[in-house]
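Given the sequences, and given the hints that come with them, work out the whole structure.
Chains as they are written, first to last, in our numbering: chain B, 1 to 141; chain Z, 142 to 282; chain X, 283 to 361; chain P, 362 to 440.
Among the hints, erroneous ones may be present.
In silico SDA-like cross-links for lysine to any residue, where the CA-CA straight-line distance does not exceed 25 Å [to be verified]:
1. B:127 <-> Z:244
2. B:119 <-> P:421
3. Z:268 <-> X:298
4. P:377 <-> B:49
5. Z:230 <-> X:339
6. Z:268 <-> X:325
7. Z:260 <-> X:339
8. B:127 <-> P:416
9. P:436 <-> B:137
10. Z:230 <-> B:139
11. P:436 <-> B:56
12. P:436 <-> Z:246
13. Z:167 <-> B:130
14. P:436 <-> B:105
15. B:26 <-> Z:186
16. B:26 <-> Z:149
17. Z:260 <-> X:308
18. B:127 <-> Z:214
19. X:298 <-> X:350
20. Z:167 <-> B:137
21. Z:214 <-> B:105
22. X:357 <-> Z:182
23. B:127 <-> P:380
24. Z:260 <-> Z:212
25. Z:260 <-> X:349
26. Z:260 <-> B:109
27. Z:260 <-> X:335
28. B:119 <-> B:105
Rather than coming from a laboratory, the hints here were simulated on the basis of the structure.
As the structure is a prediction and not an experimental result, all values here were calculated from the model.
So the chains spell out like this:
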Amino acid sequence: MQQAVRIQQEDFSQDEEIRALQASSKRMGGIATFLGCARDFSEGREVSQISFDAYGSMALSEMQSLRLAAIEKFALLDARIVHRLGTVKGGENIVFIAAGAEHRRAALEACSWMIDELKQRVPIWKKEITPQGDCWVSPHP
Amino acid sequence: MQQAVRIQQEDFSQDEEIRALQASSKRMGGIATFLGCARDFSEGREVSQISFDAYGSMALSEMQSLRLAAIEKFALLDARIVHRLGTVKGGENIVFIAAGAEHRRAALEACSWMIDELKQRVPIWKKEITPQGDCWVSPHP
Amino acid sequence: MIQVLFFGPVAERIGKHALQVSHRAGMRLQDLRDELSAVYPAAFEIVCFVAANGTHVRDLSLVIDDGCEVAFMAKFSGG
Amino acid sequence: MIQVLFFGPVAERIGKHALQVSHRAGMRLQDLRDELSAVYPAAFEIVCFVAANGTHVRDLSLVIDDGCEVAFMAKFSGG
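Right, here's the structure in full:
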């Protein structure tokens, strides 16, 4: 089974991630996930690709500590975080977060908290590649 | 492609549901999902299976109107709701909800709202089958 | 005729999933509920929601048409 | 030697991903930042976060050890 926290070039399967999450406990009644994808249109500009730069070792350790913090804060049974690097096209997957808990509220809140924190804490930068040129993305609140 | 709102006996694939959701728009930047699964332990009792009864026609129309209400309320690009009936074993999937929006906040809030509303509005009842006997589930808040 | 439907825990307490009740002019949902709950008090103890023709009804003073499908339902526990 | 790392928009403005700076006893993160931002003002205009050895540092009065890896980073836009 793959690691619960990963940074990788290749795409991932939600079914496989969920299966790995479910395998950790049969007491899991609710699983919330968030999937971030590349839009082909942003701030009024057409986007053909998104490319990423990252401080890889720090990004991975921040994601690992974020997972552990979420598990503790929301009493999760398990959680997973996968972020892609390299170049992705419009419509493709970028980031996947999953939180599993006994009841739905904890799973939903943890998932929402994790993606917010990831955007605050994890040193990854995205550049939109458009027909008009490239542009580093200014983070949205 | 399968319908966006379904009640069915068989299991579903999250990858397929997400792919169908993504196909509706390339402006989709965030997809939030909720997956409800059968726990093998509930209120201190071992649960071997869960069986469902439903007012099928009303359940489907309530789920369809719930999807449309969520799309309007949260300005979603698309949403999907799948609920299983019949009998499911511990660890198996019961319900799947997905909300896709341009940005993450709307997707996450819509997903959370839809599962809460589904539990309030949709005429489905679950019975836990345990070694000590069967028991209709009293809804959790 | 009115088709009365029961599901899950209510059906279990009544011992069946459906009943047919003769329609009377001016009959209200509350009248139907009162009649049936006199016969099946344990089942109606857990009835929380009423639907007519597949739609939630909160005001039981609603007059029932002949041929209507009425469901008396316990709290939902789907999801 | 201090290994200084840049990524994304900061690296683009500096024109490289890494620099080596000689270590001096008692050198603080703020000193390093001041020196580099004098040379690369456009890049340091967008620096929001500093990490030492892969850990966020908020207090730039931190004294840097020899061999430390320091990153000056713009606002993150992952996810």
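For each hint, the structure was consulted:
no., hint, verdict
1, B:127 <-> Z:244, "holds, 17 Å"
2, B:119 <-> P:421, "holds, 22 Å"
3, Z:268 <-> X:298, "holds, 16 Å"
4, P:377 <-> B:49, "holds, 23 Å"
5, Z:230 <-> X:339, "violated, 34 Å"
6, Z:268 <-> X:325, "holds, 16 Å"
7, Z:260 <-> X:339, "holds, 17 Å"
8, B:127 <-> P:416, "holds, 24 Å"
9, P:436 <-> B:137, "holds, 9 Å"
10, Z:230 <-> B:139, "violated, 43 Å"
11, P:436 <-> B:56, "holds, 16 Å"
12, P:436 <-> Z:246, "holds, 20 Å"
13, Z:167 <-> B:130, "holds, 15 Å"
14, P:436 <-> B:105, "violated, 30 Å"
15, B:26 <-> Z:186, "holds, 13 Å"
16, B:26 <-> Z:149, "holds, 23 Å"
17, Z:260 <-> X:308, "violated, 33 Å"
18, B:127 <-> Z:214, "violated, 31 Å"
19, X:298 <-> X:350, "holds, 19 Å"
20, Z:167 <-> B:137, "holds, 18 Å"
21, Z:214 <-> B:105, "holds, 20 Å"
22, X:357 <-> Z:182, "holds, 22 Å"
23, B:127 <-> P:380, "holds, 23 Å"
24, Z:260 <-> Z:212, "holds, 18 Å"
25, Z:260 <-> X:349, "violated, 29 Å"
26, Z:260 <-> B:109, "holds, 18 Å"
27, Z:260 <-> X:335, "holds, 20 Å"
28, B:119 <-> B:105, "holds, 22 Å"
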